Every structure is written in C-alpha cells, then in structure tokens.
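Residue numbers (UniProt numbering), protein chains in the order written: chain Y, 1 to 403; chain Z, 1 to 403.
In case anyone wonders, no lab produced these hints; they're calculated from the structure. Computed from a prediction, not measured in an experiment: that's the story for all the values here. Hints may be right or wrong, so weigh each one.
Pairs involving identical chains hold if they fit within one copy or between any two copies, as the list cannot separate such chains.
Here are the simulated lysine-lysine pairs, BS3-like style, with alpha carbons at most 27 Å apart [said to hold, decoys possible]:
#1 Lys262 / Lys106
#2 Lys301 / Lys86
#3 Lys262 / Lys238
#4 Lys254 / Lys325
#5 Lys301 / Lys28
#6 Lys262 / Lys28
#7 Lys243 / Lys28
#8 Lys364 / Lys182
Number of protein chains: 2
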Amino acid sequence: MGTDGSAWIVSRTARAPSNIAVIKYWGKRDEDLILPLNSSISVTLDPNDLSATTTVSTSPDFDADRLWLNDKEVSLSSHRYVSCLKELRDRATDVKDEKTGIVITKEDWKHLKLHIVSKNNFPTAAGLASSAAGFACLVFTVAQLMGIKESFPGELSTIARRGSGSACRSLHGGFVKWEMGKRDDGKDSIAVPLAEHHEWDDLRIVICVVSSRQKEVSSTSGMQESVQTSPLLHYRAKEVVPKRITEMEEALSKRDFSSFAKLTCADSNQFHATCLDTSPPIFYMNDTSRRIIGLVERWNKSEGSPQAAYTFDAGPNAVIFVPQKSGGALLHRLLYEFPPPEGMNLSSYVVGSTELLEALGIDKLEDIRSLERPIESPKRDEGHGELAYLICTRPGNGASLCE
Amino acid sequence: MGTDGSAWIVSRTARAPSNIAVIKYWGKRDEDLILPLNSSISVTLDPNDLSATTTVSTSPDFDADRLWLNDKEVSLSSHRYVSCLKELRDRATDVKDEKTGIVITKEDWKHLKLHIVSKNNFPTAAGLASSAAGFACLVFTVAQLMGIKESFPGELSTIARRGSGSACRSLHGGFVKWEMGKRDDGKDSIAVPLAEHHEWDDLRIVICVVSSRQKEVSSTSGMQESVQTSPLLHYRAKEVVPKRITEMEEALSKRDFSSFAKLTCADSNQFHATCLDTSPPIFYMNDTSRRIIGLVERWNKSEGSPQAAYTFDAGPNAVIFVPQKSGGALLHRLLYEFPPPEGMNLSSYVVGSTELLEALGIDKLEDIRSLERPIESPKRDEGHGELAYLICTRPGNGASLCE
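This is chain Y alone, in the form it adopts within the complex:
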C-alpha cells in the first residue's frame, strides 16, 4: 500500500441527478432487497439543477466509515447504508491512483475506511427525491474509487437499489426503466436506459415546490402500509402497470408527447388513488396540488390536446412536463395563477434555467402583474403565495465523475 510510509488520501468526486417517475413505483415485494411490486419508468433531471455531489475519500488514517450529508454528519448504521457499502466492498478491485501513484489492492479495501461528503444543490426537505440522487451518487462514486467493473449489465443499479429503490434509475440519463425482475435474489431487478436525454431535447420540466403544513408519511412506511391494506394497489401492480409500461415505452420510442402526457397524468393519479385506498389513508397532495392539476387539465381541455403533463411523488410538489415551444405558455399560466409572494425576488421565485422566463418576456416582478388572463383561467385570485418557488429544468445525464 502507498508509495512510502507517510499519510496519504485518495478520493473521487461524482455527481448524480434526481429522477422523477412517470410510471410510478409504489410497494415492495421484498423489503430487504428492495424489490418492487411493478416496473417503473422515470426521467432523469438535469444535474445542473437537481443533483447530489459526493466526494468519497479513503486513507489509512481513517478509523471508521463516516458520512456528512449537507454539512451534517449522519449515521451510517442504517441497514441501507450497510448493505450498499458491503456490496461495494465485495466487488472492489486492485486500483492505482494516477495522480498519486498510490496502489490499493482488493484486500486493502476490506480494511480501509471511507469518508463520504455529500451535498444536494437543491433543498433536501422539499421532497425532490434527494435520497435517489444521494444513494445513486454514493454507489457510483465508491464504485469509481474502488475500480468496480460490472460483471453483468445493471449490476451497479442493483446496489443503488438497496439504498433507495428509485436510486437505481438515477445512474442513467434521459428516460430509464427499472425492470422489476423475477428472481428472488434481485439480480434482474435493474435500471435500463430507454431513451437518451438528447432524444427528448425539446422537453422542458417545471417543478412547483408547494409549501406544506403537514408532516408527510415517509414513502418507505407509506408503501408498506399500502401493500398491507390497499386492495387497489395489488390490482394496479399486477394488471394495470404492465400495460402502461408497454404503452409508455411505445410513446417514448415514437416521441409521442400526447400519449406520454396522458399516461403520465393517469399514472400519477392512480398512484395517489392507491395511497387514498390505504388504511389509514395517505394524502400526499393538498389543495394547492389540486389547483395545479386543475390548471393543467383546464389548459389541455381548452386546447383540445395535451399541452402539458403533471406528476406528483410522495409529497405535494408538482412536476410538469411541457414541449419547449409551450414552455412560456405554461410559465405564463403558473405565474398568473400563483404570483410570487409579496416582497420576493423574481430570481428566488423562478430558479434553474431562465429560458422559459425569457421566452415569456419576463425579467422583473412588474411583468408578472401585467400578464394577461389565459383564456381558460378563472379570474385571478391575488396573492395566495401557495407556491414556495418554481424550478425550470429539463431531462439530463445520469451519474458522472466530476474530475
């Protein structure tokens, strides 16, 4: 080990994006291996706007594996971290660090400890799949550091899956399918890329971050309760989702936005229907979420075809998909119905890419006040401040090294 006896450190830094499911994952058939009741499909979000960046270092001086998440130390004792790190160490190889010339053998990795520092470039508490980005990034970065090569396609995704089911999908960019698999050991429950993000280069994504007064049920315990008590969930997983997966793959391969939009909205609503069918019922959407659904549905109806599609995960935030050409019109409707709270800067209210603001010709707060009423919108109901802020983004790349 090492070139001489002195202290050394070797590290890697990588970034992994969040993803949002358009055909939803809800319910596990194996809690330990995190095997899902059904396959799911997601889109990976642009890591410039929503990602985790993780640096993993190792040094003979380190006494223990440690993790700092958004500048706070977090225990690694949970089963999920333990599983991921064990699976990774089992696959470690002999590596030579090019910069320092340090050589670490397969055997050394069994004893060397890791320091992991991870940060999200978006608020953790906002319910934006931070655990998916975080676990994908941890697994990807450690795999890079340990020189792990996949012995079968998707092997790394089976490890990320052990950290957080949806994390497996964040390894790839664009549209990604998480195959539920059939095996009991989970080796075929892997993430598979469906379409590169540049194939959907004209898709834009607006995330509406909704202020929530209620503490939400965590998705882990929520899905356990649904599996145990919702008759509709099992029917959905067995009979409805397989058809929708096929239809969504077809819509993606044809770049058919209209079918994509219909499937996306229907599947989000069905997922929340199974939450409501849970005893006691689980509510992730609130009245603001419903107003956003109303806004999109009214717009789609008034145009006679899907202009935009919404989806909601285990929280009240809306993720809205729109073709680039209609992105300004979507932002117009959102800002008209949800103007920024009094005293807030435009740049704090609409974050991420400024492309849609520019398309709409808005560069200051006063421009919002003078937006005309969209033909299908109800009369303006001023000053609600029910949205915390909007993030304008697009599909992006999967996990990648920062160096």
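Fit chain Z to the given chain Y structure using the hints.
Just chain Z now, with coordinates in the frame of chain Y:
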C-alpha cells in the same frame, strides 16, 4: 269522478329522509334504468333533521304536471321526472278520498295532472343527498295519492331508483341495502331493509358541512367519467365491493361497531380513490375534509380501537358515526379543532339534536374556548372557520305520510 261538477282537489303530503352510503354506489351499468355496477348499503338519516316534505295534489282544474322545489318552479321535462311519473301513472288504481268522498279511477289518472310542492328542511346546495330525499318523497307521495300497491316487494324502490339511484334507499329506515340485481329490466335492482333504526338506537351521526370554494363535478357526470376511464373502479365494483357488502351485513347483524367503522372508512376512501383514478381526476374532498379524517384517525389510533367512522359522498362534507357514549367526546374534538367563526351563534353552528352539546356540557360559545386539548390533538390552530356548521343527528325512519 268527483261528487258533483264543482272544482275539487285531492292531495297527500309525505316526508322522506336523506341517506348516506357506507358501502358506496359509484357507476352505472345502465344509464337509462339507473342500474348500478355494484350493490350498496346506506343508513337513513333522521327525517327530523334531514328530509324532504312533498305535497302532491290533483284537480281537474290543473292543466299540466308542475313542480315547485324549495319555493321555485322547476321543469319536469327531464328524463328522470318523466320516467318516474310514467311508471307511477301506469300503476295507479281506483281510489276514493276519505275526506272528500271524491272517487278517482285508474283511467282518470291518465289525464289528471299533478302539482308537486317539495321542500327540504336542510340546505339543498350543501351536498347532503337532497336528490335522494326528493325523489324518494315524490315517488312515495304520488304512490300514496294514486293508491299504488306493490306487485312485488321493492317495486316502489325501482321507481324511485329511476329518479336518482340512491333515492331507492330513502324509502326505508335504518340500514338499507340496494341490491344491484342481475336483470336487464332492473326489476331486481331494489332497496331492501337490513336493520331497523331502533336496532342501532345508540348510534349518533355528526355531519360536518364544509364550505367549498370549488364547483364540484355532479355525481351523475362524475360516475360516467369514472366508468369510462378508471381501471380501478371496475376492479372495485367486481372484486372488492361484493366482499365488503357481506362483511358489512355481518357487522350490522352483530351490531359490531368496530367492523362497521373500519369498513365504512375504507369504503369511503376507496370510492374517492376511484374518483382520483378518473381522467381527468375528480376531487370531492379538500384540505378541510382531510383534516377531519386526520382528527378521526388520530383519535382511533390513540384509543387503540375505532371510536368513530367517517364517510364522504360526492362533496367535501364529512358524515361521522359514533356510539352515543362517545358522542360528546367526538363533538369535543370537532369543536376544539374547528371552533365556530367569530360572531356566529352556537345554535347556528351546531344544529339538529342538542343531545351531544348537552353531553359535553356546552351551552354557550365561551364553553368552547375553554375546552381542553384532547390528548391526541395537535396544538390548537385558532379561528380557521373552515366548517360552515355541524348537524347532530341519528338513524331514522324511511318515507312516511304526514297526515
């Protein structure tokens, strides 16, 4: 006809209650005959608190069938009224009015016109099944006037069903099952009494009337859209409801409140889940409805067994069932979490029976302010005014003559 040539009038007045389903009806297999996708079970509400009262008169001087609903004339041209009145006239018999001695023959009824005056003793707009009470009352009163005898048990309920599906259940008191039936002509789609209201003499019902900002989708068009677009609705109707009907009948025959409560909540939530699974999604519950669900679920959890059960129809109002002995505790929780809006009288905020207010020892507004926090309640969040008012009632009798 008549005892001499002079003008005469013959009339009957009857009252029919609202009912609230505990196993829900949602979706028709025949739109014209109003045949449901599944059987349903309801409880009939005390007509003293929630009922329609209808007077039907006939006179040779009347030129046309006419209807006045809550003091406004309403057209009888809709298919539903036409169906009901035709079915009733087809079954009219020779009658002799005891008071006046007037004789009206089966043949006369074909030409005699009706004047129908109907009033609800509760707000029509509040979404409290006013059409069920109204159609049940219309059919019952006309049947009395025309001396109609059922040629098979439940025949009258098949006529009320043509007016509004759930109206068939309002003819009987206590718990009532609407058998979906199998026949194409609907003759076996009838209402059947399951338990008289005095068998559940210790059950109390609190209706929370929730102010709604949104215009709701009518249940007629809502259920059509669900039948057309919700995969979960068909599974529910075919696979889930038949089991629940059996379980509910068993709970009712055993007077098992705990099973009754679990089934009631689960079925309300599943009905709303199928609304959410509809494209575009239908939302009848709002954030206030969800707060009420939270209040009941927290209470049940904290006591370790069901203390109360909630159900919601096609609107945001909650109907809460509670054993008499826990009625005061329920009202305590509701008034603590939803105090009356500033400046409102207690007697306008809690209407219907005063029994629960008395059990709680409340006779003025100040008593509400000094209510202690129930152990499981979150800290008081003052002055929301999210409830319009509460109606305290109980199960009651079916349709009956007022004379």
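Here is how each hint holds up against the structure:
1. In this assembly of identical chains, lysine 262 and lysine 106 lie within 27 Å of each other by CA distance neither inside one copy nor across copies; the values are 50 Å within and 57 Å between.
2. Taking the closest pair of Cα atoms, lysine 301 and lysine 86 never come within 27 Å of each other, the shortest separation being 52 Å inside a single copy and 39 Å across copies.
3. When the C-alpha separation of lysine 262 and lysine 238 is checked against a cutoff of 27 Å, the pair qualifies both within a copy, at 20 Å, and between copies, at 26 Å.
4. Proximity of lysine 254 and lysine 325 under a CA criterion of 27 Å is satisfied intra-copy only: 19 Å inside one chain copy versus 63 Å between copies.
5. With identical chains, the CA atoms of lysine 301 and lysine 28 are at most 27 Å apart between copies only, with a shortest distance of 25 Å across copies and 36 Å within one.
6. Taking the closest pair of Cα atoms, lysine 262 and lysine 28 come within 27 Å of each other both inside a single copy (26 Å) and across two copies (25 Å).
7. In this assembly of identical chains, lysine 243 and lysine 28 lie within 27 Å of each other by CA distance both inside one copy and across copies; the values are 19 Å within and 25 Å between.
8. In this homomeric assembly, lysine 364 and lysine 182 never come within 27 Å of each other (Cα to Cα): the closest approach is 54 Å inside a single copy and 65 Å across copies.
Checked against the numbered hints above, the structure violates hints 1, 2, 8; every other hint is satisfied.
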